[in-house]
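Chains A and B supply the protein sequences, listed in that same order. If you read the first sequence in the numbering used here, its first letter stands for residue 1, the second for the next number, and so on. If you read the second sequence in the numbering used here, its first letter stands for residue 1, the second for the next number, and so on.
Calculated from the structure, these hints are not laboratory results. Be aware that a few hints might be false.
[Stated by the list, open to error] DSS-like cross-link-like pairs, simulated, lysine-lysine; straight-line CA separation at most 27 Å:
id, chain 1, residue 1, chain 2, residue 2
1, A, K149, B, K53
2, A, K11, A, K169
3, A, K313, A, K181
4, B, K107, A, K151
5, A, K240, B, K4
6, A, K89, B, K107
7, A, K32, A, K19
8, A, K137, B, K4
[Unchecked claim] Rough simulated footprint, nothing fancy, chain A against chain B, three-plus residues with beta-carbon under 8 Å:
id, stretch
9, 3 to 13
10, 89 to 101
11, 130 to 138
[Stated by the list, open to error] A short list of chain B residues far from chain A (calculated; beta carbon distances all over 10 Å):
id, residue
12, G34
13, L40
14, T54
15, L66
16, M85
17, D104
18, L121
The beta-carbon is built from N, C-alpha and C at its ideal position, and this holds for glycine as well.
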Amino acid sequence: MTGKFNNVYVKETSLVAGKLEKEGKLRKYYDKTYNTYSIEKSFELSEVKMNNDAIDILLKKSNTPVEKVDLFVGGDLLNQICATCYSTKKYNKPFLGVFSACATSMESIIVASSFIENNYIKNAICTTSSHNLTSEKQFRNPTEYGYTKPKTATFTSTGAAAILLTHEKTDIKVANFTIGKIVDLNQTDPNNMGAVMAPAAADTIFEHLTNLNITPDYYDLILTGDLGIYGKEILKDYMKQNYNITLENYNDCGTMIYDMNKQKEITSGGSGPVCSCLVNYGYIYNMLKEKKIKKVLLVTTGALFSPTFTFQKQNILAIAHAVSLEVAK
Amino acid sequence: MESKKYQKIVDKHQPKEPKTFNLLAAFITGGIIGLLANLLIDVYTYYFHIPTKTAGIYMLITFIFLACLLTAIGVFNNLVKKGKMGFIIPITGFAHSMQSAILDYKKEGPIYGFGSNVFKLAGSVILYGVVSAYIFAMIRYLIFGG
Numbered sequence: 001m002t003g004k005f006n007n008v009y010v011k012e013t014s015l016v017a018g019k020l021e022k023e024g025k026l027r028k029y030y031d032k033t034y035n036t037y038s039i040e041k042s043f044e045l046s047e048v049k050m051n052n053d054a055i056d057i058l059l060k061k062s063n064t065p066v067e068k069v070d071l072f073v074g075g076d077l078l079n080q081i082c083a084t085c086y087s088t089k090k091y092n093k094p095f096l097g098v099f100s101a102c103a104t105s106m107e108s109i110i111v112a113s114s115f116i117e118n119n120y121i122k123n124a125i126c127t128t129s130s131h132n133l134t135s136e137k138q139f140r141n142p143t144e145y146g147y148t149k150p151k152t153a154t155f156t157s158t159g160a161a162a163i164l165l166t167h168e169k170t171d172i173k174v175a176n177f178t179i180g181k182i183v184d185l186n187q188t189d190p191n192n193m194g195a196v197m198a199p200a201a202a203d204t205i206f207e208h209l210t211n212l213n214i215t216p217d218y219y220d221l222i223l224t225g226d227l228g229i230y231g232k233e234i235l236k237d238y239m240k241q242n243y244n245i246t247l248e249n250y251n252d253c254g255t256m257i258y259d260m261n262k263q264k265e266i267t268s269g270g271s272g273p274v275c276s277c278l279v280n281y282g283y284i285y286n287m288l289k290e291k292k293i294k295k296v297l298l299v300t301t302g303a304l305f306s307p308t309f310t311f312q313k314q315n316i317l318a319i320a321h322a323v324s325l326e327v328a329k
Numbered sequence: 001m002e003s004k005k006y007q008k009i010v011d012k013h014q015p016k017e018p019k020t021f022n023l024l025a026a027f028i029t030g031g032i033i034g035l036l037a038n039l040l041i042d043v044y045t046y047y048f049h050i051p052t053k054t055a056g057i058y059m060l061i062t063f064i065f066l067a068c069l070l071t072a073i074g075v076f077n078n079l080v081k082k083g084k085m086g087f088i089i090p091i092t093g094f095a096h097s098m099q100s101a102i103l104d105y106k107k108e109g110p111i112y113g114f115g116s117n118v119f120k121l122a123g124s125v126i127l128y129g130v131v132s133a134y135i136f137a138m139i140r141y142l143i144f145g146g
């Protein structure tokens with residue numbers, strides 16, 4: 001499903017990030033960074049604190065009192081999206097929790113934008129967060145457990161991101177969107193998420209381009225969320241073979257955050273809901289603001305699964321949601 | 001049909017894992033641990049005059065303690081990343097799996113936290129270790145008469 005928003009604008013964004021992200025390539029775009037994974041009593045509470053920091057910084061940066069925010073939309077990776085729920089409690093505002101794993105950020109923008117577009121609300125904040133160690137604990141092994149990671153494995157990014165959407169005209173407009181379908185191509189390896197999610201990204205990009213009747217060069221840049229270095233190649237290849245579309249002005253956020261030559265622990269790239277935001281809400285947002293690029297398509301990809309379903313030999317499902325940001329005329 | 005076609009693309013972009021290197025690294029680190037363990041038994045018997053059988057138990061306790069300590073100070077997982085599974089297969093790996101689970105669930109308290117999660121990884125090893133011990137003991141008893 002593809003649609004167009006006419007009066008939804010981005011007022012401000014904020015990003016907080018962890019230690020390894022700070023040592024990466026995009027450090028100057030983060031508003032706050034931490035030197036440790038444990039800024040609160042537990043890793044889970046640390047994620048809550050990061051989320052709170054991101055929202056507080058956003059409100060301060062945009063000079064918006066919290067009373068003016070009508071709706072909070074957000075999600076994260078933890079069970080029952082608890083990190084988001086516990087961090088939003090403080091603001092005492094209407095809240096919608098959303099979940100699409102690593103595609104949560106774009107889903108939250110689509111949800112909030114449709115309320116703004118239809119004049120139900122004026123301002124909304126979308127939040128997303130992830131924490132490397134809370135995800136390790138939930139999806140993989142205990143955090144201190146040592147094991148050899150395959151090359152295709154991705155590394156969950158640590159941080160939180162918030163974006164303030166508004167009906168008032170600003171420089172950057174939320175333009176087109178596509179809500180993705182659940183894609184299942186019999187992928188079962190949780191250590192190769194790029195392969196799981198690439199077909200979902202391909203499907204969403206294809207739907208988006210076909211429904212709007214445009215070609216990939218309509219956008220200055222097309223970005224996927226967290227396919228990693230191998231997933232990126234799979235997507236390009238699959239796009240070419242299955243849809244006959246060549247992606248040239250394309251990159252993957254997961255491969256842009258870290259210094260892949262120096263930071264060996266990252267394996268094939270970053271992942272997690274916040275991974276795409278660490279690029280989109282900082283680096284890309286600034287490029288749009290400075291008018292270096294005019295139109296960008298953000299395709300976030302999420303793997304929908306749980307350890308229980310994987311152990312019960314079920315395929316890993318994937319979804320991708322796309323939103324395009326444009327410099328307002 | 002489409003998923004088969006897709007699998008071909010995935011396989012094409014699958015990076016090669018350094019299996020030979022991993023095996024070799026594990027062989028060497030595992031071997032070094034075995035060597036150190038034997039040296040330790042010799043030290044216990046020679047200098048402390050402990051009988052060899054008891055010295056073996058003391059050696060195990062020493063290695064379990066070291067593995068737990070290195071896990072707690074955050075060194076062991078980095079050792080595994082470098083030395084591969086050679087650290088995991090001996091008893092050090094067993095101690096490491098329990099210790100790391102305890103650290104992870106410390107905040108949830110002694111009952112619902114580390115109490116119930118300590119065997120999260122090691123549980124299968126214990127269960128199948130005990131079951132296979134019974135089976136092989138039974139085979140030995142029936143065939144060789146004890």
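Going down the list of hints, with the structure as the test:
Distance check on the hinted pair: K149/A and K53/B sit about 38 Å apart at the alpha-carbon level, beyond 27 Å; violated. Simply put, K11/A and K169/A have alpha-carbon atoms about 8 Å apart, close enough for the 27 Å limit, and the pair holds. Taken as a hint, the K313/A and K181/A pair is honoured in the structure, with Cα atoms around 22 Å apart against an allowance of 27 Å. With a C-alpha separation of about 32 Å, the suggested pair K107/B and K151/A falls outside the 27 Å cut-off, and the hint is violated.
With a C-alpha separation of about 16 Å, the suggested pair K240/A and K4/B falls inside the 27 Å cut-off, and the hint holds. For a cut-off of 27 Å, the pair hint linking K89/A to K107/B stands: about 22 Å separates their Cα positions. The straight-line distance between the Cα atoms of K32/A and K19/A is roughly 11 Å, inside the 27 Å bound, and the hint therefore holds. A distance of roughly 33 Å separates the Cα atoms of K137/A and K4/B; the hinted pair therefore is violated under the 27 Å criterion.
Using a Cβ-Cβ cut-off of 8 Å, 8 residues of the stretch 3 to 13 of chain B lie near chain A, which meets the minimum of three, so the contact claim holds. Chain A is given as covering the stretch 89 to 101 of chain B, and this holds because 5 residues of the stretch bring a CB closer than 8 Å to a CB of that chain, at least three being needed. With 0 residues bearing a CB less than 8 Å from a CB of chain A, the stretch 130 to 138 of chain B misses the requirement of three and the coverage assertion fails. Against chain A, the non-interface label of G34/B holds: every CB pair exceeds 10 Å, the least being about 19 Å.
Every beta carbon of chain A lies more than 10 Å from that of L40/B, the smallest distance being close to 22 Å; the non-interface claim holds. Look at T54/B: its CB is around 31 Å from the nearest CB on chain A, clear of 10 Å, so calling it non-interface holds up. Distance check for L66/B against chain A: the nearest CB is about 14 Å away, which clears 10 Å, and the non-interface claim stands. Residue-level check failed: M85/B sits 7 Å from the nearest beta carbon of chain A, not beyond 10 Å.
For D104/B, the requirement that its beta carbon stay farther than 10 Å from each beta carbon of chain A is not met, with the minimum near 4 Å. At the 10 Å boundary, the C-beta of L121/B falls inside the reach of chain A, the nearest C-beta of that chain being 7 Å off.
Comparing the model with each earlier hint shows violations of hints 1, 4, 8, 11, 16, 17, 18; every other hint is respected.
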